[in-house]
Amino acid sequence: DAGVIQSPRHEVTEMGQEVTLRCKPISGHDYLFWYRQTMMRGLELLIYFNNNVPIDDSGMPEDRFSAKMPNASFSTLKIQPSEPRDSAVYFCASSPGLGLSYNEQFFGPGTRLTVL
Amino acid sequence: SQKIEQNSEALNIQEGKTATLTCNYTNYSPAYLQWYRQDPGRGPVFLLLIRENEKEKRKERLKVTFDTTLKQSLFHITASQPADSATYLCALLPSYNTDKLIFGTGTRLQVFP
Numbered sequence: 026d027a028g029v030i031q032s033p034r035h036e037v038t039e040m041g042q043e044v045t046l047r048c049k050p051i052s053g054h055d056y057l058f059w060y061r062q063t064m065m066r067g068l069e070l071l072i073y074f075n076n077n078v079p080i081d082d083s084g085m086p087e088d089r090f091s092a093k094m095p096n097a098s099f100s101t102l103k104i105q106p107s108e109p110r111d112s113a114v115y116f117c118a119s120s121p122g123l124g125l126s127y128n129e130q131f132f133g134p135g136t137r138l139t140v141l
Numbered sequence: 037s038q039k040i041e042q043n044s045e046a047l048n049i050q051e052g053k054t055a056t057l058t059c060n061y062t063n064y065s066p067a068y069l070q071w072y073r074q075d076p077g078r079g080p081v082f083l084l085l086i087r088e089n090e091k092e093k094r095k096e097r098l099k100v101t102f103d104t105t106l107k108q109s110l111f112h113i114t115a116s117q118p119a120d121s122a123t124y125l126c127a128l129l130p131s132y133n134t135d136k137l138i139f140g141t142g143t144r145l146q147v148f149p
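Top to bottom, those sequences are chains L and Z. Quick note: to get our numbering, add 25 to the position in the first sequence (first position is 1). Quick note: to get our numbering, add 36 to the position in the second sequence (first position is 1).
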């Protein structure tokens with residue numbers, strides 16, 4: 026298995042532009058997570074899905090952020106319009122289970138986003 | 037307020053010594069705590085999990101302890117090697133009523149030959 030795949034690996038854009046990050050989870054994993062990592066705040070959960078359905082989006086910073094999972098093998102995180110404070114590394118992770126029933130999350134390599 | 041804290045300063049040790057990393061938390065009653073390793077430019081990789089009713093867990097050269105009274109977990113790497121150099125993150129499941137992990141900001145470990 027190739028693991029969790031994310032694209033692009035790096036994205037540089039200008040303030041106000043739309044940014045779309047993509048993720049392919051590990052086949053057979055029912056849970057998908059989007060995280061954001063910064064030096065100041067560490068790794069923060071933005072949203073997670075179970076069987077393609079968004080379960081908790083309370084970590085999404087504001088309405089400029091949206092995430093979708095149209096099928097079991099693909100998810101997107103969109104920022105529109107982007108702002109410099111959105112600059113961070115965005116990780117996608119997947120897991121076959123969650124919480125008490127399962128422990129390990131498998132992370133992708135991340136997308137480093139820079140908004141100028 | 038609820039916090040999970042790891043030493044933000046890098047830990048520098050000599051090869052062969054035991055590295056000990058600390059994870060402290062406040063105002064949580066975690067069901068379990070995990071440790072992940074993160075290399076530069078990569079995503080975190082799961083290492084170990086310890087549950088609230090376990091005091092110690094081992095895996096090869098790794099050992100994790102969990103003290104719910106002190107609200108602290110210690111992560112030990114014995115006989116450390118330069119290849120162990122990385123950032124180590126702790127993460128906890130805050131309670132039995134949630135599915136979301138809360139991560140610390142990580143501690144960078146540098147092992148010198």
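Hints are computed from structural coordinates only; laboratory data are not their basis. There could be a bad hint or two in this list.
Said to hold, decoys possible - Just so you have them, the derived chain Z footprint on chain L, three or more residues with Cβ under 8 Å: (1) 68-81; (2) 112-123; (3) 132-139.
What the hints assert, rightly or not - Here are the computed lysine to any residue pairs in the SDA-like style, where the Cα-Cα straight-line distance is at most 20 Å: (4) 49/L to 82/Z; (5) 39/Z to 71/L; (6) 136/Z to 82/L; (7) 136/Z to 121/L; (8) 49/L to 132/Z; (9) 136/Z to 83/L; (10) 136/Z to 109/L; (11) 39/Z to 132/Z; (12) 136/Z to 34/L; (13) 136/Z to 112/L; (14) 136/Z to 38/L; (15) 39/Z to 93/L.
Claimed, not checked - Part of the chain L face toward chain Z, derived, beta carbon under 10 Å: (16) 28; (17) 29; (18) 32; (19) 34; (20) 56; (21) 64; (22) 65; (23) 129.
Don't be surprised by glycine CBs; every beta carbon is placed ideally from N, CA and C.
Can the restraint linking residue 136/Z and residue 121/L be considered satisfied, given a maximum Cα separation of 20 Å? 14 Å, holds
Interface hint check: residue 32/L, Cβ to nearest Cβ on chain Z, cutoff 10 Å. Holds or violated? Not OK, violated: residue 32/L not within 10 Å of chain Z, min 14 Å.
With 10 Å as the cut and Cβ atoms as the points, is residue 28/L at the interface with chain Z? Holds, because the Cβ-Cβ distance from residue 28/L to chain Z comes to roughly 9 Å (cut-off 10 Å).
Given the hint that residue 136/Z pairs with residue 34/L, does the C-alpha gap stay at or below 20 Å? 25 Å, violated
Does residue 64/L meet its interface restraint, that is, does its C-beta lie within less than 10 Å of any C-beta in chain Z? Check passed: Cβ of residue 64/L comes within 8 Å of chain Z, closer than 10 Å.
Is the shortest C-beta separation between residue 129/L and chain Z less than 10 Å? 4 Å, holds
Checking one constraint from the list: CA of residue 49/L to CA of residue 132/Z, max 20 Å. Satisfied? 29 Å, violated
Residue 136/Z and residue 83/L: Cα distance at most 20 Å? Holds, because 11 Å separates the two Cα atoms, which is no more than 20 Å.
With a cut-off of 10 Å on the beta carbons, see whether residue 29/L makes it to chain Z. 7 Å, holds
Mind checking the alpha carbons of residue 39/Z and residue 132/Z for me, to see if they're no more than 20 Å apart? This hinted pair holds, its Cα atoms lying about 17 Å apart.
Against the 20 Å threshold, does the CA-CA distance of residue 39/Z and residue 71/L hold or violate the hint? 18 Å, holds
Going straight from one Cα to the other, do residue 136/Z and residue 38/L come out at no more than 20 Å? Judged against 20 Å, a Cα distance of about 31 Å means the pair is violated.
Violated hints for the displayed structure, listed by number in ascending order: 8, 10, 12, 13, 14, 15 and 18.
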